[in-house]
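Using the sequences provided together with the hints, build the complete structure.
Each chain is listed here by its residues.
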Amino acid sequence: MAWIAERRRRSRFESVVLPHLDAGYALARWLTRNDADAADVVQEACLRAFRYFDSYREGDAKSWLLKIVRRSCYDWLERNRPADLVPLETATDPDGGIHTPSAADIDTEALLQSRSELRRLDRLIEELPPPLREALVLRELQELDYRQIAEVTGVPIGTVMSRLHRARSALRRAWDGKGCR
Amino acid sequence: MQCEEARARLDAYVDGEMAETERTVLRDHLAGCADCGPEAAALQRLRDEIRQAAPVYRAPPALRSQIRFALRREAAASGAPTLRASSWLAYAASILLAVAVGSGGTFLALGERQEDRVASEVIDSHLRSLLGTHLTDVASSDQHTVKPWFAGRSDVSPPVVDLSTEGFPLVGGRLDLIEGKPVPALVYKRREHVINVFVLPANRVDLGETLTRRGYSLRHWDEGDLSFWAVTDAAPTELTEFEHLFRAATKS
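Chains H and P are the protein sequences, given in the same order.
Note that the first sequence covers residues 1 to 181 in my numbering.
Note that the second sequence covers residues 182 to 433 in my numbering.
For the record, the hints were derived by calculation from the structure and aren't laboratory data.
One thing to keep in mind: the hints can contain errors.
[Said to hold, decoys possible] From the structure, some residues in chain P lie toward chain H, with a derived Cβ separation under 10 Å: (1) Asp196; (2) Ala240; (3) Lys362.
[As the list claims (entries may be wrong)] Derived pair list, reagent style SDA-like, types lysine to any residue, alpha-carbon separation capped at 25 Å: (4) H/Lys67 - P/Arg253; (5) H/Lys62 - P/Leu344; (6) P/Lys362 - H/Ala5.
Quick caveat, the model's predicted, so the values are computed rather than measured.
Here a beta-carbon is modelled for each residue, glycine too, at the ideal position from N, C-alpha and C.
See below:
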């Protein structure tokens, strides 16, 4: 009976995918930089994943979900905060350093707040351009290996390596430069 | 190994993404080089700092149940017509079938599983109602406002009584989703605690005493052709008291 099959599909989906919900949420939270937006994006991503569930083959469910969450984040950013999606090449720092958000990005209050919190390393991570930020977060906080990061972000392993390197160099410069610690 | 070469491979080195032979060569270089050694140490320090400084984000509990809810809705919308039109009937039929071909034990197992599922959905819905902004669709302490609101919105017409004088004021009602079907939920308060009463078509299984699951008190009873599920974070004894009052008031 179709309804039994549908129920079975849903419960299989829940047991395969929902254990990785925290990881998905964390990635979305780092990319959207906001709790409520992260929750919206993750819910959308899960529904999307459920629709594509037939395309999931046994294997790395975490990477599979993260890939879909990441795609949903970029779609969401494109619709709601296109200014966040500065291409790496045109970021202020040619090394892909901490880019200075344009005036349109932020209001004064947010800027003041961000200045006062600039010391915090997590804020520095948040200011990395998304491609560098996601590589760093997936590696350091989600503990994915290079191959998994390449799979999730859809780029070759060489690119993963260079993005990680750029992210770390930028953090070290910003961190040392501001006399933190 | 040259410094330039070593620097280019430092990230792979600290990330453990390096074959053992290359790793040994690089380690030897780092041990002997006054520039590259500290560089590698600084990189490792940065990694430690990141892990310590960065907040650990976890999905809020409400999100988990919201997603389950959304998945059910999605599955119900895309499922076979039988799922939408008559999942209750289909379920009843499957139980009857099990009785016909199997033993009483099968019947019990199936029945219990459905009870469990409804119980867990009822708790999820309760949780969702507390965490979201959507406690009531119709906010009123007047039973003559709340009851008619459900007409046309649900197959089930729930009895509604206000129990303010007994310490359980009616707050309102909303339409919720249990097992993919819209069902009325009546909302009461006990001091600051919310009591949700879900009203489903009867299924003639009595849970008996007040259950506590996942920290919530849960009671289930059948009355006529309706099945009531009451859930709250107030004490189990208070929920028992609520059931007695509610049943007495709706009978009269």
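The hints, checked one at a time:
Among the interface hints, the one on P/Asp196 holds; its C-beta lies about 7 Å from the nearest C-beta in chain H, closer than the 10 Å criterion. Interface restraint check: P/Ala240 against chain H, minimum CB-CB distance 4 Å, threshold 10 Å, status holds. For P/Lys362, the shortest C-beta to C-beta distance to chain H is roughly 12 Å, which exceeds 10 Å, and the interface hint is violated. With a C-alpha separation of about 23 Å, the suggested pairing of H/Lys67 with P/Arg253 holds against the 25 Å cut-off.
Note on H/Lys62 and P/Leu344: the hinted pairing is violated, with a Cα-Cα distance of about 49 Å set against a maximum of 25 Å. Pair hint P/Lys362 plus H/Ala5 holds up; C-alpha atoms about 18 Å apart against a cutoff of 25 Å.
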